[in-house]
Amino acid sequence: MSDLSVLIVEDDEWLAEQHARVLDRAGYKTMITSHALAAIQAIDDNCPDVIILDVLLTGSTAFALLHELQSYGDTGDIPIILCTNLASELSIDDLKHYGVKKILDKTTMLPSDMIAAIKGVIS
Amino acid sequence: MSAARGEHERLLNWPLLDGIPSLVAAAHELKSPLVLVRQLSLMLEDGDMPADEQKRMLRQISLTSERALRLTSDLTRSVRLTDALFDLEPVNPQQLCQDIVRELQPLFSAHNRNVKFVSRKNPLLLVANRDLLRRIILNFSDNALHYADDDSTVIIRIGLLGAGRIIRLGVRDYGPALPIDILKSLRGKLANSPTPIHARPQSSGLGLYIAGQFANIMNGKIGVTRHSDGSTFYVDLQASSQLSLL
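Protein chains in written order, with this note's numbering: chain A, 1 to 123; chain B, 1001 to 1246.
Heads up, a few of these hints could be off.
Derived pair list, reagent style SDA-like, types lysine to any residue, alpha-carbon separation capped at 20 Å [stated by the list, open to error]:
{"hint": "1", "chain 1": "B", "residue 1": "K1055", "chain 2": "A", "residue 2": "A16"}
{"hint": "2", "chain 1": "B", "residue 1": "K1055", "chain 2": "A", "residue 2": "L4"}
{"hint": "3", "chain 1": "B", "residue 1": "K1031", "chain 2": "A", "residue 2": "T108"}
{"hint": "4", "chain 1": "A", "residue 1": "K101", "chain 2": "A", "residue 2": "S5"}
{"hint": "5", "chain 1": "B", "residue 1": "K1221", "chain 2": "B", "residue 2": "D1087"}
{"hint": "6", "chain 1": "B", "residue 1": "K1031", "chain 2": "A", "residue 2": "S88"}
{"hint": "7", "chain 1": "B", "residue 1": "K1031", "chain 2": "A", "residue 2": "K29"}
{"hint": "8", "chain 1": "A", "residue 1": "K101", "chain 2": "A", "residue 2": "E13"}
{"hint": "9", "chain 1": "B", "residue 1": "K1121", "chain 2": "B", "residue 2": "D1087"}
{"hint": "10", "chain 1": "B", "residue 1": "K1031", "chain 2": "A", "residue 2": "D94"}
{"hint": "11", "chain 1": "B", "residue 1": "K1055", "chain 2": "A", "residue 2": "E13"}
{"hint": "12", "chain 1": "B", "residue 1": "K1031", "chain 2": "A", "residue 2": "A16"}
{"hint": "13", "chain 1": "A", "residue 1": "K102", "chain 2": "A", "residue 2": "Q41"}
{"hint": "14", "chain 1": "A", "residue 1": "K29", "chain 2": "B", "residue 2": "Q1095"}
{"hint": "15", "chain 1": "A", "residue 1": "K29", "chain 2": "A", "residue 2": "D44"}
{"hint": "16", "chain 1": "B", "residue 1": "K1031", "chain 2": "A", "residue 2": "T30"}
{"hint": "17", "chain 1": "B", "residue 1": "K1031", "chain 2": "A", "residue 2": "L4"}
{"hint": "18", "chain 1": "B", "residue 1": "K1055", "chain 2": "B", "residue 2": "Q1105"}
{"hint": "19", "chain 1": "B", "residue 1": "K1055", "chain 2": "A", "residue 2": "S88"}
{"hint": "20", "chain 1": "A", "residue 1": "K29", "chain 2": "B", "residue 2": "K1116"}
{"hint": "21", "chain 1": "B", "residue 1": "K1031", "chain 2": "A", "residue 2": "E17"}
{"hint": "22", "chain 1": "B", "residue 1": "K1116", "chain 2": "B", "residue 2": "V1127"}
{"hint": "23", "chain 1": "B", "residue 1": "K1031", "chain 2": "B", "residue 2": "K1116"}
Keep in mind that the hints were calculated from the coordinates and are not lab data.
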């Protein structure tokens, strides 16, 4: 079991639930928000250890949230894993300075890949 | 946060939303349900899930597949609009909306939302192709489902405009209001339909684009009204002169 908390920012309600199902079974504490503004509030309130972030969100895209998080010292250090359908369009090199440590391709990933990714960014 | 839009386009190498070619938009829209179905299936393959959880996941798979199939079927129909003839006939929108609500109820319940039709005292008839009109309302409802607040009710309503010459079918959701800039952009594009439009910020707008095409071929138009607590997407169609026969 782990005490690590993971914030899932995903606007597809059932996919968010599925991510949480996978992480809960691996012993992580999970929180779900569906858009960037709610994510900022959740980060302020709970300071998660890792953020799993979808790119195309309701209201603002993930990049808006990344900008916001980088504006503050305490939130800028939270490792971020992008989990997106657009993985093939993104480069980790372009996103490193936003705190993105890993990009998961939703179209090819296995449920266990998310756990491996979290372990990777925490270590 | 709007500064991030440019960053989005730079990092993704394609314009956000408006400029997505329709083929890319179709692929994008279809990816999401397929991703969900795949993830749920993989989890079920692993086994070791409580029976009630398995049941819930299987239900989500079937409902998500149905949504994806509706989109693919709309896409096919949309592509064939130019070389097919669609009969326009008097349609009773009240009956149609009641059927749609019955069809969508399981999907909405599974998302902890409700969908309701507010019936009218006096029957109305409009001129439409029943199948295309059904697809438009299903499309608006699907859009509303995604943006409505948890436990809220999406309302389908019929109204009369233009001294009874126009009949409006509206789908009202209760959720976050559309930002003004998005509304202006959306209205401009709705007015010039058919052009690619997007329902809400993260959507490619393919569904609404198709709805616009369907409305256009029935000599109607689609539009959106912003409320402080949600939006109404509507289609306006000609009332049938056979109304007096009812």
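Does the structure break any of the earlier hints, and which numbers would those be? 2, 7, 8, 9, 10, 13, 14, 16, 17, 19, 20, 22 and 23
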